Each structure stands twice: as C-alpha cells, then as structure tokens.
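2 protein chains.
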Amino acid sequence: MKKHNFNSGPSILPQIVMQQAAEAIVEFNNSGLSILEIGHRTPFFTGVMEEARALVKELMQLDDSYDVLFLHGGATTQFMQIPMNLLDADETAAYCDDGVWGSKAIKEASLFGKALVVASSKDKGYTYINKGFTVPTTAKYLHITSNNTVEGTQYFTAPDVSVPLIADMSSDIFSRQMDFSKYSIIYAGAQKNMGAAGVNVLVVKKEILGKIKRPIPNIMDYQKHIEAGSLMNTPPVFAVYVALLTLKWIKASGGLAEMERSSIEKSSLLYSTIDSLPVFNCKIAVEDRSRMNAVFFLNDNTLEAPFLDLCKKEGMVGVKGYRTVGGVRVSMYNALPLESVVAFTDLMKSFAASI
Amino acid sequence: MKKHNFNSGPSILPQIVMQQAAEAIVEFNNSGLSILEIGHRTPFFTGVMEEARALVKELMQLDDSYDVLFLHGGATTQFMQIPMNLLDADETAAYCDDGVWGSKAIKEASLFGKALVVASSKDKGYTYINKGFTVPTTAKYLHITSNNTVEGTQYFTAPDVSVPLIADMSSDIFSRQMDFSKYSIIYAGAQKNMGAAGVNVLVVKKEILGKIKRPIPNIMDYQKHIEAGSLMNTPPVFAVYVALLTLKWIKASGGLAEMERSSIEKSSLLYSTIDSLPVFNCKIAVEDRSRMNAVFFLNDNTLEAPFLDLCKKEGMVGVKGYRTVGGVRVSMYNALPLESVVAFTDLMKSFAASI
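Sequence order for the protein chains is A and B.
Counting along the first sequence from 1, when you hit position 139 you're at 139 in my numbering, and nothing is skipped either side.
Counting along the second sequence from 1, when you hit position 81 you're at 81 in my numbering, and nothing is skipped either side.
Quick caveat, the hints were computed from the structure, so don't treat them as lab data.
Fair warning: this is a prediction, and the values are worked out from it, not measured in the lab.
Wrong hints could be hidden among the right ones.
Note: identical chains are not told apart, hence a pair may lie in one copy or across any two.
Stated by the list, open to error - Calculated cross-link-like contacts (lysine to aspartate or glutamate; reagent style DMTMM-like; alpha-carbon spacing at most 25 Å):
{"id": "1", "residue 1": "Lys3", "residue 2": "Glu27"}
{"id": "2", "residue 1": "Lys107", "residue 2": "Glu227"}
{"id": "3", "residue 1": "Lys114", "residue 2": "Glu23"}
{"id": "4", "residue 1": "Lys313", "residue 2": "Glu258"}
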C-alpha cells in the first residue's frame, strides 16, 4: 500500500533525493568509492560543502556579509551555542516564548546570561503568535521560533525590532519567500525541509560575532568554523550531501516561490476541510496557522482513537499529535505532494460522513 | 580499476554495510518508507538505537554500571563535553599529550578547569607512547588518546592509574580485545572503525557523573542523555543505523578477537615490508607502532612525490601523510581487506626495485 508520509521530522524527502542518495552510497561521483568512505578534505567532498553553502545563500538572496555553516547536532545544540557565542554573563537577550522549542531555547540561554521573555503565548496554550511587543534596545538579540512544529503556529511577519533578530527556522526554512536579510542568525536542523537528520545549517551575519568576553571552546566557536570553511572537524558527510541534493531539488523545482505556492495550496486545502467539517476543530488563531504543521482535534475526543486507527489503516503515517498536545498533526513540508493532502482530506470527509 | 581505500577517516566500511545502507534508503525494514524519512520515536528507529547501544556493551563485555550514548558531533565535541561534565573550575584533570588530537583536547579542557599535562611525547615529534608517568591522586581523571591517527602510535597497555581513565578511541575502537572496564569513559567518532561520519559513541561508567557544581546545558549533559535513552533530541538517524550495521558485521565476523587477529596480520605485513626495504623508514618506536595507521617516510624525500603518484595511479586511495606530518600514511581499519595491504606492499617492493 502506498504510504502518505506526514511525519513531523525526520520527514518526507523528494523521491529523486532518496534515489540519488542511495546511488551515492553505492558509488559517489565516479570516485570508485561510496560517499560513506570518501575523505572529507578531498575535492570530492569539499566541492559538496562549497556548493551547499553557496546554494543556501543563493536561495536566501544573501550577500557576502553573511556566512553559511553546516554544523554537527540539531537545532537543540544551537539553543546553547547561540548564547555561548553572543551573550556575556552580564548581558540580556530577548526571547519570544512561542512553544515547546522556544522555551527550551530560553532555558539554555539563561545559563549564559539573562534571558528576558518579551512575549509569550503560553497563556492560551501557544495557540497564537504575539505581535506588537517591545524589546529593550539594550538586548543583545531577539530570538523567535518562526514555525512551531508542535503547536502549529507560524510567524507571517518578522518582528520589527532594532536589535539583531535570530530565528529557529527548523520547520519552515526554505518553505517561502521572505527578506532573509532582516535576520542576523537563521538556523535549522535539516530533517524537515532540507534533508536528513544529523546536520544543522546556520546562516550568520558576520558582524555580530566576536563581541563577547567569554572564551568559547573551539568546536562551538562560529568564527573558527567560518575560518575553517565549515570543515573544522570531520563533518557529517552524508547528511551534508543529502542537504545539497535537497537544496538542488528546491532550486530545480522553482525555488522558494514554488515552495510557497505549493505550501499555500496544500495547507489551504487542509484548513478549509477542517473548518468545513463540524467533527474537527483547529484552535490556532486563523492568521497564525502554520502552513507546515496543522494541529487540530476531534470535537468528541472519543472519536480521536478511531480516526487515528483509520489513518493508520489507510497508510497515513505520522498524524498523531505531539505527546504533550494530543489530537492530530499533519505536517506538510516541501517534499509532501498535494496528492497526499487530497487523500488525507478525502479520508477526513468520509470519516465525518460515517459517524 | 579497483580502488584500495586506505583513508584515515571517513574510511572504508564493509561492503555488506554499504549494500544494506543503500537498501535502507530505498525502503527501511518493510516500512514503506526510507530510513531517511522515518520518525525517530517510532519503533522502527527506537529498535535500531537500543540494539546499537546493547551491541556496544556486548562487544566490550561491560556490565550495567556503564551506559552507552550515541551523540551528535565527532570526537572533537567530546574534547569540550567531557570537562564540561566532569571538571569544575577549581579542579585538575590530567592529560597525556599524545599528538595532534590529544593536544586539542587539552586546550578545550583548560577552558573549564586546570588541564595538567602529565606526559608528553612532543619532544620527539610524538613518535612514542609515554609509560610509567605518575598522575596526582587529586586529578579528576586521566585522558589519553589510545591511537594517534596522525602520528601512528598506539597504547598497547592502559596506564595503571588510580584516577578514572578516559580514552579517545576514535581510531582504534573495536579493533582489539581489551579490558574495557578499566576505563570510565571511552568515546569515538564513528567514521573509522564503526560507521559513517556524523555520530559519536560514548561509553560511560555512570558513577563518575553528577559530581560537579557547574550547571550543564541540557544538550551537553550526559546524565540527561542517559535519562532520555540517547533520544533527547532528533539523533543522526542514518549514522546510528550505519553504526549498528557495522557493529553487527563485527560480531558476525568473529568479534573483537577476529578484528585483532586481522589487524595484527595486516599491520605486521606492512611494517615488516617497510623495515625490509631501505628506501622506506618508520620513525615510530617499534613497540608503539599503531596497527591502525602506519606513518612512514622515504629516506630520499625527493622520492616521496613519485611514490605517491604511483600509488594514485594504481588505485591506492588516501595514503598521503597528514598535512603537518608529511610522508606516507596507510590506515588499516577493520573493514580493510588483507588483499589491499598485499597489493600495497607489492607496490612498495616494485617501487623499491625500480630505483
């Protein structure tokens, strides 16, 4: 049976990427070797790394005041690494408490300096995005989570602030056009919209680095990684290669304009189906509903288990809500075809009609 | 032309591992999905993680006083993470300065507490292993590099010390039988003897944790990783899977006894060839010569380039010495077949005969 993969991450990748990745494991680029056994300082791999870094910048339309790093670890590592690089013990950084991941970032930052929560949507179970809050001009930076994978909210306008803006874009990177130059740091674990698990992309405006007194361990120091061309130590070779393949697929498919169009089409279909069927409800403020992760519930919660069972039976993978939230979560990343959302909404309709 | 892969890391993996890894990218375990798109909290992956952790313990014959973690990052991350977890600012840790990697570990440790160098072979270009040195009983631990990939030395006897012993075994893990219970922490980047780049294995005696005053960022805290069953955040799924495949291959091939027998056979052939041909010389103390990485030179250094050219022409990959050392380096990890060493030594002999 055909599976429809709505996993929240690691998640669906383009078929062509999977095929090229499998081929590279057998033999990489006529090298006579597998991608898993090539040296990371040979031209075979340094070419991959350089192309991937350049493509990130190209897709984001950023100039040379930015650098791009592929780092070990997921976004969770950045929760620590960002304040370690940017925040001295006697300084304050501003954070938006946007959900599960943002609150983890706040906890890690508080070990390095003062983490000031300037906006929180915790009062309403993280069902909306704060707007119009103010940030002290003395704050070293403002950190937001641009898309909340667990709760299903998304920023559609970047906060208008005078301090450097930092965004965890793990679950919506490369899913839409935006002015990326508004951000001083953009970071993302690769395993949702841009590759497999095991690598982190970090885009940094170089001028914000080198301004703290704290000594930084080499392996955590963004400046040292920039000097080393993102090859300070053995990188996660295969994960970087899969990211490159995915970035090339994005570009060849029409770039961020096409990713955005497709994502609007898919998410509109899903949300309009939810709203049209009284058996389902979505608690997220309409203007803040994520195009990546739709989180919704059955009005009669005794129907949740039968609905999830039906989904499983029909090959719909990964639609159970996050463990602390419950309900249903449908993730619609770049590689998810429209036909999967059509199949899912058809299933919702037939379930609604059957009860 | 057949390639002989002597890469120092990432390096050769067993053919069967490469084949199984490529298959898992097409479809993993009859899931209808690729290994790259499965959820890390589904039984598909939690089973992989548990089996890999258990196999590490089984191969090392360790009891439940130890735990096994698969962590993001390479060994370089551990240079920082170990003192962060074990060394308070007013405490001292003892380090052996065994080569390039050990000296990097010392630098990172000195940011967290006092890093005391108790032995160094720098005086003779890291061509031997120190023995019989003493370690203050007040030291929190002693750190050694059990095999020096760059310089070509290896410990054949663990230092006899009363403080907890920590070893970076990145380049000789699972290559021989030993009493692993002498160590309190063993760590290794996977990309030499146990898998692909992008994951780190850490074996830890639990009783040494939880004894410092410093607050540790969640993502760096070994105890938190143990509590989370090595699934605190999205792990490098594919790299963990390749490590599992490699561990299974080691076990099925006869375990550490067979890895050791094979490694003695391969390295003896190479070193005896070096010693028998006056054109080559190895500067490493005979009793400390690494079975993993043989580092040697041509007596007439104008012959180095022609020899390396010949190697390239004959499909011998990765035999150029490390950039700061020069000469020739031949890595003979677990997956390297004897026939590759035979082919290489035949080439050495014909080169010697030709000049």
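Status of each hint after checking the structure:
1. Taking the shortest Cα distances, Lys3 and Glu27 sit within 25 Å of each other only across copies (12 Å), while inside one copy they are farther apart (28 Å).
2. Proximity of Lys107 to Glu227 under the C-alpha cut-off of 25 Å is restricted to the inter-copy arrangement: shortest distance 18 Å between copies versus 30 Å within a copy.
3. For the homomeric pair Lys114 and Glu23, neither the shortest alpha-carbon distance inside one copy (48 Å) nor that between copies (49 Å) is at most 25 Å.
4. Taking the closest pair of Cα atoms, Lys313 and Glu258 never come within 25 Å of each other, the shortest separation being 32 Å inside a single copy and 46 Å across copies.
In the structure shown, a violation is registered for the earlier hints numbered 3, 4, in ascending order.
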